[in-house]
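Top to bottom, those sequences are chains C and R. Per my numbering, the first sequence starts with residue 1, numbered consecutively. Per my numbering, the second sequence starts with residue 1, numbered consecutively.
Check the hints yourself; a few may be wrong.
Capping the alpha-carbon separation at 25 Å, the derived lysine-lysine pairs in BS3-like fashion look like this [unchecked claim]:
#1 R:Lys71 with R:Lys57
#2 C:Lys2 with C:Lys67
#3 R:Lys57 with C:Lys2
#4 R:Lys57 with C:Lys97
#5 C:Lys42 with R:Lys9
#6 R:Lys71 with C:Lys97
These are calculated hints, taken from the structure and not from any lab test.
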Amino acid sequence: QKEVEQNSGPLSVPEGAIASLNCTYSDRGSQSFFWYRQYSGKSPELIMSIYSNGDKEDGRFTAQLNKASQYVSLLIRDSQPSDSATYLCAVNGRGFKTIFGAGTRLFVKA
Amino acid sequence: NAGVTQTPKFQVLKTGQSMTLQCAQDMNHNSMYWYRQDPGMGLRLIYYSASEGTTDKGEVPNGYNVSRLNKREFSLRLESAAPSQTSVYFCASSAGTSGTQETQYFGPGTRLLVL
Numbered sequence: 001q002k003e004v005e006q007n008s009g010p011l012s013v014p015e016g017a018i019a020s021l022n023c024t025y026s027d028r029g030s031q032s033f034f035w036y037r038q039y040s041g042k043s044p045e046l047i048m049s050i051y052s053n054g055d056k057e058d059g060r061f062t063a064q065l066n067k068a069s070q071y072v073s074l075l076i077r078d079s080q081p082s083d084s085a086t087y088l089c090a091v092n093g094r095g096f097k098t099i100f101g102a103g104t105r106l107f108v109k110a
Numbered sequence: 001n002a003g004v005t006q007t008p009k010f011q012v013l014k015t016g017q018s019m020t021l022q023c024a025q026d027m028n029h030n031s032m033y034w035y036r037q038d039p040g041m042g043l044r045l046i047y048y049s050a051s052e053g054t055t056d057k058g059e060v061p062n063g064y065n066v067s068r069l070n071k072r073e074f075s076l077r078l079e080s081a082a083p084s085q086t087s088v089y090f091c092a093s094s095a096g097t098s099g100t101q102e103t104q105y106f107g108p109g110t111r112l113l114v115l
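Only chain C is shown next, with the shape it has when bound in the complex (with noise of 0.2 Å):
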């Protein structure tokens, strides 16, 4: 079992439509979670970051972490054709060892 998995994709979403993107993880002493943004042939870029139980929002985006569940999800409100990209899931759990997913290609169709 991969420690931090995520489901590779493409998800396909019409523009304007909510985009649901979700990460689960094995290590039950994680922390910290980031929801990082990469488009093709670029470096990773932070969207989003959590660290409590609950919803967080932050314009279109909103991030939200069951601990019990070990799943944190993010979504993405009136989607845009820019918004097509790979999400990378992370998560921190003791020092400076982050684990990334291997990501969900977005794919928003104009």
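Since the structure of chain C is already known, use the hints to place chain R on it.
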């Protein structure tokens, strides 16, 4: 303010050759990291440095060495390149010294091909 910079952007090596990947950050960050990214594998940590003068192994350190030259610079060296080291290498930095709850800022990457 350039953030995190990496050189070179692209490199082709023959098996057995050596090279050093350079990384520098101008954000006065304490921690720096080297990752490799392979298709379907996600980012994997090679080495990290929590502060100037310290380095530690990550998930996949074999075949690599690092040097934290000063607070700004963190280099990655391949002593004898192998085709399995063909990958995209990212350098990253973060502000703190604990690694926990720290946003990492990534450089543009170095694409390495080993023939």
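Taking the hints in turn, this is what the structure says about them:
A threshold of 25 Å between alpha carbons decides the hint, and for Lys71 of chain R with Lys57 of chain R the separation of about 18 Å falls inside it, so the pair holds. Among the hinted pairs, Lys2 of chain C with Lys67 of chain C is consistent with the structure: their alpha-carbon atoms are about 17 Å apart, no more than 25 Å. For a cut-off of 25 Å, the pair hint linking Lys57 of chain R to Lys2 of chain C stands: about 20 Å separates their Cα positions. Between the alpha carbons of Lys57 of chain R and Lys97 of chain C the distance comes to roughly 10 Å, so the proposed pair stays at or under 25 Å and holds.
For the hint linking Lys42 of chain C to Lys9 of chain R, the alpha-carbon distance of about 11 Å falls within 25 Å, and the restraint holds. For the hint pairing Lys71 of chain R with Lys97 of chain C, the CA-to-CA distance comes to about 20 Å; that is within 25 Å, so the pair holds.
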